[in-house]
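Just so you know, the protein sequences line up as chains A and B, in that order. For the first sequence, the numbering used here gives the first residue as 1, with consecutive numbering after it. For the second sequence, the numbering used here gives the first residue as 425, with consecutive numbering after it.
Simulated from the structure, these hints should not be mistaken for laboratory data. Do not rely on the hints blindly, as some may be mistaken.
To list a few chain B residues with every Cβ distance to chain A over 10 Å, as calculated [unchecked claim]:
(1) His472
(2) Thr509
(3) Pro517
(4) Arg559
(5) Gly593
Here are the simulated BS3-like pairs of lysine-lysine, each with C-alpha atoms no more than 27 Å apart in a straight line [as the list claims (entries may be wrong)]:
(6) A:Lys243 x B:Lys539
(7) A:Lys330 x A:Lys201
(8) A:Lys135 x A:Lys289
(9) A:Lys295 x A:Lys76
(10) B:Lys470 x A:Lys243
(11) B:Lys470 x A:Lys135
(12) A:Lys409 x A:Lys280
(13) A:Lys243 x A:Lys280
(14) A:Lys202 x A:Lys70
(15) A:Lys231 x A:Lys289
(16) A:Lys249 x B:Lys539
(17) A:Lys248 x B:Lys470
(18) A:Lys72 x B:Lys470
(19) A:Lys378 x B:Lys539
(20) A:Lys246 x B:Lys470
(21) A:Lys295 x A:Lys70
(22) A:Lys122 x A:Lys407
Each residue gets a CB set at the ideal place from its N, CA and C atoms; glycine is no exception.
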Amino acid sequence: MDRINPRRIALLAVAWLALAGTALGDETCNSPYISKLINGQEDFVYVWTLGVEGLGDGSDKLVTVDANPKSKSYGKVIHALSTGARVEAHHMGFTDDRRHIWAGGLSDNRIWVFDIATDAAKPKLVQTIIDLGDKSGYLGPHTYYALPGRMLVQALSNTKDKGGRTGMALYNNQGQFIASYAMPTEGGGDGYGYDLAVNPKKNALLTSSFTGHANYMRPLGELIKDGEAMKKFGNTMALWDLKAMKPKKVFSVPGAPLEIRWSLNPKDDWAITATALTSKLWLVKQDGKGEWTAKEVGTIGDPAKILLPVDISITRDGKGLWVNTFMDGKTRYFDLANPEAPKQTYEKVTGKQVNMVSQSWDGKRLYITSSLLANWDKGGADNEQFLRGFAWDGKALTQKFEVDFTKEKLGRAHHMKLGSKALR
Amino acid sequence: MRGTVYALALLIELFSGLLVASRLRAHPLAALPALDFVPPPPGTYKLHRIMAAPDGPVVGIDGRSQPLSLYTRRQVTLLGFIYTTCVDPEGCPLAYRVFDALKTAITATPALHGKARFVTLSFDPARDTPDVMRRYAGSRAVAMSGGLSWYFLTTRSARELMPLVEGFGQDVRVTVDRSSGRARRELSHVLKVFLIDRAGYVREIYSSLFLHPQTVLNDIETLLMEEEFQPTLLTK
């Protein structure tokens, strides 16, 4: 029999190490099917960055920033990989095996697949998926959610009229299209989509809703003056039977519910979201009879000022929630000890405009970026473009580093993912 | 008329599924964590083709080399990677418990006899020789028992193994556990179990979060309720 000798075992180990690679993620907001989490100090922050015409190469790019305070290049850009396209780069997500990041843009249908296993510091573009529009009819891939061996992609729009009617597309990890699922238009559904999140224990998939290409590609100042256009925002969330991939119930959640976070506490079975246009926190949970319900549980700032709560990040114990409001540039912390009645306990202006917020698994570090959408970002001196790293001691945020994405000629800093060499 | 017959058949299948589920609940091995939801009944949902199952040489406990496809076609196959020294309770032992519970349920359901098989494939060819796999399998490794065949397979080398591991998308990496004071080599992996249809396509992939006998059994029945299997559908 052809047994493996020790040398071949060593070679196999090296091969496996190279293939398995480094686990990456915004650690408290990942798909539950990604089991390897960074429970210590992360080494990298990956920033999916919108290209800006005339700035550097003008291309969307995946930027690697050193996030380890013990490193000589801490807080510095150590790698930037351009896609050669400028398509409103927005979000990204890991495959379940954490070998790859999938990323896309909202003005296009392409999905870029980056290998982050071979060299965690230097992602490599290994595949471009181009058939989303042809196979599903959807436009503007937004959320990339790992399922075992697959990626569920939530789109924002459609290729036909570029409105808000959209759906989800399922791919295998090799990038082959499997199936598509339209957002519900019956039972109160508006057909719009934005984010998705899974609670495997309950076989529950939750989706939220935003607006279509025709709206999100328009300048914000122009859009909010267009009454008809402003009616074309999502006002619903939907609960799906994950196994059957069939919508079971539609909730009325006015004002464009965006990011969805299930509590990570094993004893909890609730999810929370924030509405962009109405500045509210909504809780989705089962009532005493086991019926799923959605209800408003809190207010973010002064809703009359339309602060645009854009991103949220839940602590790993489900006891706290970070909320970024784009217009006033504030990062707010809500105590979720009672998720039925969140209480804001802290706020800080972290930029002239802020969008994404990500925290480390231990909750001690927070990362914030600046860009919402190319045509919605502020102008002039308010158009700061950055990644800022903060320390959180439970009482206050202290800025530790900043990367100026304009000065570095990179573009508009958007979605983030974390990386660690320790998991290699 | 044809529609009525089909509806009747569907009802029988659904009823059969409920019976199986109740047997499952009654069995002691169902001491696995209870499902916190009611899964959709067999046949009411679609399992899409995720990918073609890879093929390559494998070795049975009798030491004979055969193509893996011999064990992944013509019957619904539940395949899981293991290594015999795995001690992670959420890893290989969990898969074993689920397979055992499923075997009990299938044995108790004559309608499923001869229509499904299990494959346990090692990803540690250095340790898991055919002899080791035979001891690991114990009395489970029989070609047909209780209406179900359970095959315990390994490979001759990493060169034979890797295309299968990569083809299924089963991640694995070598780690060293020193928690006991002595270095112990482990194969770190995310538990995945693959459900393969009669034509050789992977139709579901279970991680530990979704690996439960009742959902797997429903999926097996869902595949069996599809149109009558045609050998021409075989991928190779």
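So, going through the hints one by one against the coordinates:
{"no.": "1", "hint": "His472", "in the structure": "violated (5 Å)"}
{"no.": "2", "hint": "Thr509", "in the structure": "holds (14 Å)"}
{"no.": "3", "hint": "Pro517", "in the structure": "holds (16 Å)"}
{"no.": "4", "hint": "Arg559", "in the structure": "holds (16 Å)"}
{"no.": "5", "hint": "Gly593", "in the structure": "violated (5 Å)"}
{"no.": "6", "hint": "A:Lys243 x B:Lys539", "in the structure": "holds (23 Å)"}
{"no.": "7", "hint": "A:Lys330 x A:Lys201", "in the structure": "violated (34 Å)"}
{"no.": "8", "hint": "A:Lys135 x A:Lys289", "in the structure": "violated (40 Å)"}
{"no.": "9", "hint": "A:Lys295 x A:Lys76", "in the structure": "violated (43 Å)"}
{"no.": "10", "hint": "B:Lys470 x A:Lys243", "in the structure": "holds (9 Å)"}
{"no.": "11", "hint": "B:Lys470 x A:Lys135", "in the structure": "holds (18 Å)"}
{"no.": "12", "hint": "A:Lys409 x A:Lys280", "in the structure": "violated (36 Å)"}
{"no.": "13", "hint": "A:Lys243 x A:Lys280", "in the structure": "violated (30 Å)"}
{"no.": "14", "hint": "A:Lys202 x A:Lys70", "in the structure": "violated (41 Å)"}
{"no.": "15", "hint": "A:Lys231 x A:Lys289", "in the structure": "violated (34 Å)"}
{"no.": "16", "hint": "A:Lys249 x B:Lys539", "in the structure": "violated (36 Å)"}
{"no.": "17", "hint": "A:Lys248 x B:Lys470", "in the structure": "holds (16 Å)"}
{"no.": "18", "hint": "A:Lys72 x B:Lys470", "in the structure": "violated (53 Å)"}
{"no.": "19", "hint": "A:Lys378 x B:Lys539", "in the structure": "violated (63 Å)"}
{"no.": "20", "hint": "A:Lys246 x B:Lys470", "in the structure": "holds (10 Å)"}
{"no.": "21", "hint": "A:Lys295 x A:Lys70", "in the structure": "violated (45 Å)"}
{"no.": "22", "hint": "A:Lys122 x A:Lys407", "in the structure": "holds (21 Å)"}
Of the numbered hints listed earlier, those contradicted by the structure are 1, 5, 7, 8, 9, 12, 13, 14, 15, 16, 18, 19, 21.
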